[in-house]
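Based on the provided sequences and hints, a complete structural model is requested.
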Amino acid sequence: MTKLLLKTFGISKLLPKTSKPASAPGTVTYIGKKQELPVKLHMIDYNETDFTEKNLESLVECLPFKDNHTVTWLNYTGVHDIQNINEVGEIFQIHPLVLSDIANTTQRPKVEEYDNYIFTVIKMCYFKENTGEVYMEQVSLLIGKDYVISFQENDIDVLEGLRERIRNGKGCRVRRLGSDYLLYCIIDAIVDNYFSVLENIGGQIELLEKELMLNATQELLAKIYGLKQELVYLRKSIWPMREVVSTIQRSEHDLVNEGTYVYMRDVYDHTIQVVETVETFRDMASGMLDLYLSTMSNKMNEIMKVLTLFAAIFIPLTFLAGIYGMNFEFMPELKWRFSYPVWWFITISLVVGMIIYFKRKKWL
Amino acid sequence: MTKLLLKTFGISKLLPKTSKPASAPGTVTYIGKKQELPVKLHMIDYNETDFTEKNLESLVECLPFKDNHTVTWLNYTGVHDIQNINEVGEIFQIHPLVLSDIANTTQRPKVEEYDNYIFTVIKMCYFKENTGEVYMEQVSLLIGKDYVISFQENDIDVLEGLRERIRNGKGCRVRRLGSDYLLYCIIDAIVDNYFSVLENIGGQIELLEKELMLNATQELLAKIYGLKQELVYLRKSIWPMREVVSTIQRSEHDLVNEGTYVYMRDVYDHTIQVVETVETFRDMASGMLDLYLSTMSNKMNEIMKVLTLFAAIFIPLTFLAGIYGMNFEFMPELKWRFSYPVWWFITISLVVGMIIYFKRKKWL
Amino acid sequence: MTKLLLKTFGISKLLPKTSKPASAPGTVTYIGKKQELPVKLHMIDYNETDFTEKNLESLVECLPFKDNHTVTWLNYTGVHDIQNINEVGEIFQIHPLVLSDIANTTQRPKVEEYDNYIFTVIKMCYFKENTGEVYMEQVSLLIGKDYVISFQENDIDVLEGLRERIRNGKGCRVRRLGSDYLLYCIIDAIVDNYFSVLENIGGQIELLEKELMLNATQELLAKIYGLKQELVYLRKSIWPMREVVSTIQRSEHDLVNEGTYVYMRDVYDHTIQVVETVETFRDMASGMLDLYLSTMSNKMNEIMKVLTLFAAIFIPLTFLAGIYGMNFEFMPELKWRFSYPVWWFITISLVVGMIIYFKRKKWL
Amino acid sequence: MTKLLLKTFGISKLLPKTSKPASAPGTVTYIGKKQELPVKLHMIDYNETDFTEKNLESLVECLPFKDNHTVTWLNYTGVHDIQNINEVGEIFQIHPLVLSDIANTTQRPKVEEYDNYIFTVIKMCYFKENTGEVYMEQVSLLIGKDYVISFQENDIDVLEGLRERIRNGKGCRVRRLGSDYLLYCIIDAIVDNYFSVLENIGGQIELLEKELMLNATQELLAKIYGLKQELVYLRKSIWPMREVVSTIQRSEHDLVNEGTYVYMRDVYDHTIQVVETVETFRDMASGMLDLYLSTMSNKMNEIMKVLTLFAAIFIPLTFLAGIYGMNFEFMPELKWRFSYPVWWFITISLVVGMIIYFKRKKWL
Amino acid sequence: MTKLLLKTFGISKLLPKTSKPASAPGTVTYIGKKQELPVKLHMIDYNETDFTEKNLESLVECLPFKDNHTVTWLNYTGVHDIQNINEVGEIFQIHPLVLSDIANTTQRPKVEEYDNYIFTVIKMCYFKENTGEVYMEQVSLLIGKDYVISFQENDIDVLEGLRERIRNGKGCRVRRLGSDYLLYCIIDAIVDNYFSVLENIGGQIELLEKELMLNATQELLAKIYGLKQELVYLRKSIWPMREVVSTIQRSEHDLVNEGTYVYMRDVYDHTIQVVETVETFRDMASGMLDLYLSTMSNKMNEIMKVLTLFAAIFIPLTFLAGIYGMNFEFMPELKWRFSYPVWWFITISLVVGMIIYFKRKKWL
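Note that the protein sequences, when read in sequence, are chains C, D, V, F and E.
Per our numbering, the very first residue in the first sequence carries number 1; after that it's consecutive.
Per our numbering, the very first residue in the second sequence carries number 1001; after that it's consecutive.
Per our numbering, the very first residue in the third sequence carries number 2001; after that it's consecutive.
Per our numbering, the very first residue in the fourth sequence carries number 3001; after that it's consecutive.
Per our numbering, the very first residue in the fifth sequence carries number 4001; after that it's consecutive.
In short, the hints are calculated from the structure, not lab data.
Just so you know, not all the hints are guaranteed correct.
[What the hints assert, rightly or not] Here are the simulated lysine-lysine pairs, DSBU-like style, with alpha carbons at most 30 Å apart:
(1) C:K359 with D:K1359
(2) E:K4145 with E:K4128
(3) C:K361 with D:K1170
[Said to hold, decoys possible] Okay, the calculated beta carbon distance ranges per label pair:
(4) C:K40 with E:E4206: 56 to 62 Å
(5) F:P3038 with E:V4039: 43 to 49 Å
(6) E:L4037 with F:P3038: 52 to 58 Å
(7) D:C1172 with V:L2037: 31 to 37 Å
(8) D:K1066 with C:D67: 46 to 52 Å
All C-beta atoms, glycine included, are put in the ideal place defined by N, C-alpha and C.
Structure below.
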């Protein structure tokens, strides 16, 4: 789980990590932020008519539901306890590399097809209204015949709406169809959440744009820079999602029914929209940076103009005054009666002349 | 409907939205600007010899025309009334995801083929001469055997020319051919409207270019920036149109006759032209920004030159005057007879010398 | 016909236009600059042994040559008279969309294959030595069995060399081969003309480069900017030519003989060379802009240095002089005998010290 | 072996070299940094049950192990002794071009399939904690039936973890499977090492970012520049790795078992992650450069403001003082009683007025 | 032959040229720099056992060697004598377009397959140590059964090493294999020569980098700019080489034996390396330009700081001195005993205060 706020944003979130170089491939090691949350295991089992929901103490409790031709959705909250992941591996006969990928929360989104199941890693992005922060975490999905196992890092309610639909919607589409439709529903819910994050970022851009027109400060620069880095981060997590969804869509795996095709195409369209919006936002952030620089340079010009004006007008005048401050004994002008008024006349003419000149040059 | 003027342009128009994350996929919810216009339903039914035109109160009235082997064009104005969309769904047996897409006015242009119909979303862009504003809205098209249903957000006359042709042109091509040719005609009319918008933007660019050469102000910068954002927006809506038209062109769907192929290729060429022109305009806007910055920097240089000139010439002179303003008792020069004229001679020589020097340096 | 000079260059040339949005697809309307030239129709009819050349009054005169197994080359000068285009359409049975494309001089280069003929639109670019101007116009080509019909906007002699070869070269290749080889010859002549335009632009770049090194003025900036826009324009017209030539080359149309393949490959290579040269020129223009900006910034630095020098040296001195210009009654230095020489000593030491300091800083 | 520190980084590392132009293709010549290390030859021979490890004096000692159906891993440290490479060529019947490639340490990563063996060149990148330096060297791999021969430039322990696993892990996967799995293990270990280097660079970026916000100095600029060059270098060595791994993965060579496919896909994912991270880092370095420039320009503005302020306030005042420093005989103000206090009043009013003005302009 | 030095580099080298637009396709006209060298014709004829080397007076002398089942390598130095080229065309039955391409030294590298021969155009790039200059020229190659005809513009020794190998290496690979292997050897020798040029450019970059850190002058800017243009030029000539080599490699022409495949792959790898290095160098040159600009801007800042410092410190002091230079009759301070020392105290305090302030602002 990663906060995506400007201040707390750090490079380390961008770094993928693998298990210790020396460890054997397929070794299951948790890689991610230290977690202290207890692991929760939640189960939903349903078909068109029946519905069971339970918090399980251990995976063994789900065994009776596993092969009863109803769709079983197991949801793990917390992947830092590799014990549980290994247990899943044994009971559902999962490839060790997959288990190792589940425990590594710095994966790139991907989909892998195995004989009896499909493994998918996606990034979930959500905006917490109460704290005003954006979080990102990894969701791993195992889809088998009649079951879906999802692993998430934290206990958040992005998928709660989906669960509610399953609970209430006796006879609705998700209850009638199989595990591949449930997979679609989960991905759809996650992709839809990106839109709320994008709306949040869009709001920020709009605000920055307005501020920029009013007052280009150093903090604004830092904010635009932060925004750009944020978008780099978002792009990195959403870009491979396109590929993931498109792979599932074109999949000829037995587990993916043809009827799900049209739904996957829909979620694919949404993913494309997210990607394009992120790209557009990056363009706009670059545009804002250009605008910032131009505005700065404009401001500089204005300051320079004032400086030049004062200097150009008063420096010659000071010289003019300096001349008659000299103490030469033989300076005829000093004795003349109207020297002083004439001096003032010359001085004022000079000022007026220069102001007219600068007005013509459009510097005033 | 989105105004595309520099001032009223806001980021929110760039944001795609989906229905509430928690709602089931395929739920039909209106997403877009709040609308208060009444929904209108207009019908044209024609074949080579006959022609009927009606404003319908309800969809049921069109049922007698639906299966009479003439082409029926139903046009909905206003998609915020989801009641109507659902009705269409029932009568024409449309997939719920399609209905949900029709009600969502933030879609990406796309085409989807179903067994009995083709669904297309495109963006319509038009320039209102009286207000001088550019609007963009979404048009959804359902093409079935012998019928076309179009949904637009507002009541505008982009397609009126086409209707006129159908009305008057007894025996003309559109009357002889089927619903796929009508689809082509609608897309062609919409793409052609982009050209008028581009002409408008081209005019703006030309104006900005001229202004830029005369006077590079801060507002000009804001205008160029606004123009660039506008082009980002246009590009986002026209880019996927290429794909849409090319998909229809290459389609092997029963509804698309081979004879329409050559027409689709023509509209595809136009789309490419629009895309290329938008790209070219973006290049030109970038070029203008560069020019703006260079002009600013040139201006700065000129101001600096004046400052330097005044400072470099008068500061030493002021010093020269300051020397003989000192009150030391023993300053022999003060008592000499020709000190003052000699001082003036030195001063003027200095000024002339410096002016020659600066002329050589090309600063004057 | 479009002048491609820096000053007269306008955005409107970049805008593709289609017929009035409300008109039916395939309506033949002239789109382009207003023309007052009379339309000319010129015919060449040849085979290996025979040769006929005529200026025709009307198209009907060519009918006897149409089906006589010799190659007939009809050349229209002026496409604003849609009457003639419609006549061609009737006699040679041309698709209405093609006729509409011929009359629209803002087309994108393209090639379209029909059952009995191939339709090609290309852009011709030529440099008029006497006026020093570059023009661009559209050439449409209809290639059928034993005939080629070419439409050009103006009466220029780009193809005159080719005609001369046909006239004189009894038994030469062009006389032996069919209409597809004539098509190749026309395209080849047009592509070769791009090289002369590029040479002209290359000369401009070389000149600008030299000037840039000597003196970076505001006009130079405008010239570089104009050059870049010019290249944007050239690129837009030559880029799709690649596709056109490559499509003809790979064509399996009956009209294109296998023997022409090697010639088409040759003209394709030339097109690629033009495209690459345009790209290279764009790179160079961008490089020049960078150089311009850097040169400006260098110049600024030099001016700043002078300013700083004068200010830094004379401002302290003026202060030094100011001190002893004060009129305090009790200033012991004023009465000392050697105050004045000492003051000069201090002043001169200061100047020398600062000059040494600035020399070390490399500001002098 | 190349240090990748900012200071020691030189262009020469980027230059590929081939053998002397005049030498025949396939001539085995060592190309790389001068080496004085003795060449070491280390052998591991294992199958599921047995394990032998030896330091060999000469290649001939390995012959008994070569054909005994166990996997034999020969590791050469040092490729500057071409004698050994030629010996390998003879005994294992390797193509002369391959031998020449092994001796040339400036190769581009690649994979080549021959009838009896696969030849792979990859770049190994590792971070030495004790010196804080990053090194890069070339590893060449020959994979045959039951044997793997690896050539590295230096004696480092990147592969030591893997060896340890083979030593201890009786019955573990690597002991059960063939030479293709060993190949995977070696590539996996090398790719995983890139992550530690990236973490190191990521740390540098984070540090630079923080420093940048505090104080933008010239050294910082040099560091950012150095970082960018470093990333250019890294990218050049990791980019072709994608292709290498993907080629092995899709290989239909007899030596690559289908079971290894899933492992190769895993290492391919890691390579993609490295590539994407390098790209992201480049984006961030570019962003930092922009930020640096903007910060500089901000700083300049602030300095200019102070200058303008002082100049604009004090230059007019100095003039004001200069007026009454003039020695005209007839200056009535000089004799007035309250001239001096009035002068002060005017002076102070002016200062206050200007400060208010500048405050409004937001320059203070 | 083109010098590639910064000063002598001109745009004209980038311009491809074709024969006079009006001339017939396939007309053999020399296009290139005026040449006065005599044309030389050199022949090597060899097989595994025999070897003949001769300078021929005319092409007819080679006829006895043409069909004797040994490889005959004819090398023309000088292509401005089109007489010779036409002779080759007649004797070896070469397509006229090929002959025309040989005589045109501004070709783009390409390969064309004909029934009895393969035609290849490549660019040769070499560094002359004695003059320190880089030259580029075109080499055309005709490969037939048992013969290779090469055309080069000048008499240089790039291929001398290869000839030496053929002369001495009785029984070596080149003597055993056919004309396709000779083709490979020639291309390999030419590509290898690019590396020496790249090394030279790399050295220049390294030097520029060092100078840049020390002192950013205007000449340095011109050098970086020149380097970038040079790389644009190199890229233009090496980029299509990739395609050339890859086409030969994948060729299924009878003349290319399968055994040559592995060698062509090797030279392809080298070409890729050259291309990538050129790209990397371009990146680095761009990076240097950025660094240059930043350094300039840094320098400017430093100068500005000094200016500001002097101005900010001395302008107020001058004012302070100016106050007491006024000649008002009633200025009480002038008569006070300790006015002068108090004035000095205030002045010095001010200076110290400002220095402390500027130190804090980090401007000192």
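**Asked** Can you give the numbers of the hints that this structure goes against, from lowest to highest?
**Response** Hints 2, 3, 5 contradicted; others consistent.
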